[in-house]
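Numbering (the working numbering) for the first sequence: 673 to 1096.
FYI, nobody ran anything at the bench for these hints, they're computed from the structure.
Backbone N, C-alpha and C define an ideal beta-carbon position, used for all residues, glycine too.
Treat the hints with care, since some could be wrong.
[Stated by the list, open to error] Derived lysine to aspartate or glutamate pairs resembling EDC-like cross-links, with alpha carbons at most 16 Å apart: (1) K755 x D698; (2) K710 x E781; (3) K1093 x E817; (4) K787 x D813; (5) K890 x D913; (6) K700 x E717; (7) K883 x D873; (8) K699 x E688; (9) K767 x E706; (10) K689 x E706; (11) K1046 x D873; (12) K883 x E935; (13) K729 x D739; (14) K728 x D739; (15) K728 x E738; (16) K883 x D718; (17) K1046 x E935; (18) K700 x D718; (19) K699 x D675; (20) K689 x E781; (21) K699 x E781; (22) K755 x E704; (23) K699 x D718; (24) K699 x E717; (25) K767 x E704; (26) K1046 x D896; (27) K700 x D682; (28) K767 x D682.
[Stated by the list, open to error] Quick list of simulated restraints, FRET-style, between CB atoms: (29) D682 x N769: 16 to 26 Å; (30) S917 x A756: 38 to 48 Å; (31) T1044 x K1093: 56 to 66 Å; (32) E985 x S1095: 16 to 26 Å; (33) L828 x A756: 55 to 65 Å; (34) E1043 x S831: 49 to 59 Å; (35) D853 x D698: 48 to 58 Å; (36) E1020 x S831: 15 to 25 Å; (37) D887 x L828: 40 to 50 Å; (38) D1075 x D853: 25 to 35 Å; (39) R1040 x S1095: 37 to 47 Å; (40) E1043 x G774: 41 to 51 Å.
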Amino acid sequence: MLDPQLLRNDLDSAAEKLLIKGYQLDKKQFIELEAQRKSLQVQVEDLRSQRNTESKKIGQAKAAGEDIQPLLAAVASLGDELKASEQSLVMLQEKLNDLLAGIPNIPHESVPPGKDESDNVELRRWGDPRVFDFQPRDHVDLGAELGMDFEMAAKLTGSRYVVMQGSLATLHRALTQFMLDTHSRQNGYTESYVPYIVNSDSLRGTGQLPKFEEDLFKLNTEQDNYLIPTAEVPVTNILRDEIISADQLPFKRVAHTPCFRSEAGSYGRDTRGMIRQHQFEKVELVQAVSSEDSWRALDELTGHAEGILQALELPYRVVNLCGGDLGFGSAKTHDLEVWLPGQQAYREISSCSNFGSFQARRMQARWRNPETGKPELLHTINGSGLAVGRALVAVMENYQQQDGSIVVPQVLRSYMGGLEKISA
RNA sequence: GGAGAGGUGGCAGAGCGGUUGAAUGCACUGGUCUUGAAAACCAGCAUGGGUUUGUAGCCCAUCCAGGGUUCGAAUCCCUGCCUCUCCGCCA
């Protein structure tokens, strides 16, 4: 959620910046609702104040043994009046909240203009795509002989799931272990285990609700529980309704979880293989820092995700998402795109975003600034480090041999009992 | 799944329906004392919102959440959520 104060103070510049994201702010509606809210709220509080003082008088009169009947008559109509005003205030506040909750985060000034991914700006490249002396295959072809089975998954569940058996499943696990170890041992993240099912409060906190319900799997229980679409939700919500002390900053957490996405509205996109699944594994990095530190933290976190690709010796590029491609709550996003020889293209494998105070305001996630003694909103940053399924795809395609076998990257061999090559 | 108890400030823990935003203790912060520290003593110590030039003042809200009763609710009633104890089941 945006800072309402920001809109009150400088509505015009906020509206202008939101245009970069392709969002048209209804300024007139905001101004009108704000004006109504203000006068109504003053009215309600005034009535309540009257009621409080009158009630107090009644209490005192009763204690003194005086006749309270005339006093009761004086407040008789106050209650009804108050109730009516309160009701309209609640309705108005709901309207205002709906408006506010529907406004995306304001993009950082370094976010390039543009309407879709073709306008994203490449920041840098790392590694040279390998030159093959044979026709490289994609992971679906390669996997067919190595224990990757989409038809089996369709039998068990449906489309967009996968079954892996044998060394490929082990490689998948090895990637996860390697990422967790690297981030927790070298990059200073505290490893965390979290629930894979969350309530709607948590999803509202990180911004998946109310706008993106169709992307989620909702459980068929009386409670409003959902499967997590990313570890970002449970991990970031650790801070919801908390005020942490300065010595707990920076808050850095790494968690490995499965992620569940209904992928509604993406029918026909990336239907082949493991790129877009309803269930996939991800190692997620989350940071929460003071407002001064968030831009540095975004660069640091992006670097941590890049470190995994570098250790795996997978060529990639870093892209600065343009306004139109930027997520709802993000102020700036770096996408890491790994080279996939099977597609002859760079494909997203990590997305690192600075949310500023956008999520923290929804969550009331704060820290106490010792300089002022006051609680201040945290800034939240998160990113994949990395998407495990896509990393598996990248390893398979980049390390493939002419005979269809896969060389195990050096850094993963210790996780695989020293295995150097996966073959049928 | 069955039976019972309970959710109050950072923590512990009081609280006859009426100056209770909340006793007391601990923790924390500042001060006095001390060569320094401890102890002792004194003082301070929630959050959000409104009004305002104001981190001054004033006002409103908040004792798990949501409803209700009442002139007035932390206190009474209903619902939900959560926690604890015992039994059953289970990894």
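Checked hints:
1. K755 x D698: 30 Å, violated
2. K710 x E781: 32 Å, violated
3. K1093 x E817: 14 Å, holds
4. K787 x D813: Violated - the C-alpha atoms of D813 and K787 are around 34 Å apart, more than 16 Å.
5. K890 x D913: Distance ~24 Å between K890 and D913 Cα, so the pair is violated.
6. K700 x E717: 26 Å, violated
7. K883 x D873: Holds, because 13 Å separates the two Cα atoms, which is no more than 16 Å.
8. K699 x E688: 11 Å, holds
9. K767 x E706: Holds - the C-alpha atoms of E706 and K767 are around 10 Å apart, at most 16 Å.
10. K689 x E706: 21 Å, violated
11. K1046 x D873: Answer violated: K1046 to D873 is near 25 Å, above 16 Å.
12. K883 x E935: The hint holds at about 14 Å.
13. K729 x D739: 11 Å, holds
14. K728 x D739: 14 Å, holds
15. K728 x E738: Distance ~14 Å between K728 and E738 Cα, so the pair holds.
16. K883 x D718: 36 Å, violated
17. K1046 x E935: With Cα atoms ~42 Å apart, K1046 and E935 exceed 16 Å; violated.
18. K700 x D718: It is violated: about 27 Å lies between the C-alpha atoms, which goes past 16 Å.
19. K699 x D675: Holds, because 15 Å separates the two Cα atoms, which is no more than 16 Å.
20. K689 x E781: 8 Å, holds
21. K699 x E781: 21 Å, violated
22. K755 x E704: 23 Å, violated
23. K699 x D718: 29 Å, violated
24. K699 x E717: The hint is violated at about 27 Å.
25. K767 x E704: Judged against 16 Å, a Cα distance of about 11 Å means the pair holds.
26. K1046 x D896: Not OK: K1046 and D896 at ~34 Å, beyond 16 Å, violated.
27. K700 x D682: 13 Å, holds
28. K767 x D682: 21 Å, violated
29. D682 x N769: 16 to 26 Å: 21 Å, holds
30. S917 x A756: 38 to 48 Å: 44 Å, holds
31. T1044 x K1093: 56 to 66 Å: 59 Å, holds
32. E985 x S1095: 16 to 26 Å: 20 Å, holds
33. L828 x A756: 55 to 65 Å: Taking Cβ atoms as reference, L828 and A756 lie about 58 Å apart, which means the hint holds.
34. E1043 x S831: 49 to 59 Å: Given about 55 Å between the Cβ atoms, the range holds.
35. D853 x D698: 48 to 58 Å: 49 Å, holds
36. E1020 x S831: 15 to 25 Å: Given a distance of about 21 Å, which is inside 15 to 25 Å, the answer is holds.
37. D887 x L828: 40 to 50 Å: 23 Å, violated
38. D1075 x D853: 25 to 35 Å: 31 Å, holds
39. R1040 x S1095: 37 to 47 Å: Violated, since R1040 and S1095 (Cβ atoms, about 57 Å apart) do not stay within the stated range.
40. E1043 x G774: 41 to 51 Å: 35 Å, violated
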